[in-house]
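Let the sequences and hints guide you as you build the complete structure.
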Amino acid sequence: MAIAPDETELLELEANSAIGLLDSDEASAADETLWQKDCATAMSSELQQSEENRRIAAGRNIPVIFWLVFLHAGALAAPFFFSWEAFAVCMGLYWFSGSIGVCMGYHRLLTHGSFKVHKPTRWALAFIGGLSGEGCALDWVANHRKHHAHSDHDGDPHSPHDGGWWAHMLWLGWSMKGEEFEAHVRRWAPDLAKDPVMRWIGHMFLPSHILTGLVLVAVGQWMGGPYMAASMLIWGLFVRLVIVLHVTWFVNSWSHMWGYRTYETTDDSRNNWLVGLLAFGEGWHNNHHAYPRMAAQGHKWWEIDMTYWAIRAMKWTGLAWDVVDYKKISDRNR
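Numbering-wise (my numbering), the sequence shown opens with residue 6 and increments by one.
All the given hints hold, so there is nothing to weed out.
Okay, derived cross-link-like pairs now, SDA-like style, lysine to any residue, Cα gap no bigger than 20 Å in a straight line:
hint, residue 1, residue 2
1, Lys121, Met311
2, Lys121, Thr322
3, Lys320, Lys332
4, Lys182, Met209
5, Lys182, Leu211
6, Lys320, Arg127
7, Lys332, Glu269
8, Lys121, Val328
9, Lys320, Ile309
10, Lys305, Thr267
11, Lys305, Leu283
12, Lys320, Phe101
13, Lys124, Asp200
14, Lys305, Leu282
15, Lys121, Ala318
16, Lys182, Pro68
17, Lys182, Phe210
18, Lys182, Asn66
19, Lys305, Trp278
20, Lys124, Trp326
21, Lys124, His208
22, Lys121, Arg317
23, Lys332, Thr271
24, Lys182, Ile67
25, Lys121, Gly323
26, Lys332, Ile309
If you are wondering where the hints come from, they were derived from the structure by calculation, not from laboratory data.
If you want it as structure tokens, here you go:
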């Protein structure tokens, strides 16, 4: 007789099923288990609420709003403290925190399991992802898995159906906090929630940015005094974070509004060439929603995917293995 899974197992099963981490046999068994769970949940209909009602009940997330306003305000000083050295640091950290941290670490590894790495590498990528200013890995992964499960339908945290600016950035002002955040993470990212190192890395989000700022100031002071110190801080931290944030947000907004569709999916995902270039391959979003586990998001020869090149380099050096670089019917998310 089969033993019924406990709540933690159900949550992990639901998250993995939503993002395509199960093979065909596992998916069939998961569907049956989750169907039984849904039947029980449906009996308590008062517990069901739309995403819009959740936002109203939760209210604004003031710390997140302050963080975003603070970064944009700091970036306004950029024209007065420009230097080519600081611009180069900005671009280098844009690639490092954006492509390596968010695209490779948060998205393709932690969210979708597109390849495997040793735990220290996994933790390192999660830390680098945090340097993007986009929050901790637990929050990012949980939100993105929920997005895939409800893409452009009720329950999607950031669908353009609720407005272009909402999908782009305004949704973050109503992001989850407190007990709701914990329940959200346990449901959509149970694999990360039970990892104490991942939780510690999450607590290092703000300290890591303070440390980055201090290092940039110290390097700038050493290179050219107070002006260069300010230039390094403003361009290497504020401007760079604003760029990384908006480029990531373009994936949520533009790539669900404008572009071409290679695959028929149940959402409005698009392949957008500009976002594809700016976001290191993430803009080939229709490809990704059709085959979410594929490490490669550029499916045509001209769809440039710099993040996938980095994953291939990691595989070549032995840092990554089991790279999902092929299309499997069982992975197809219709």
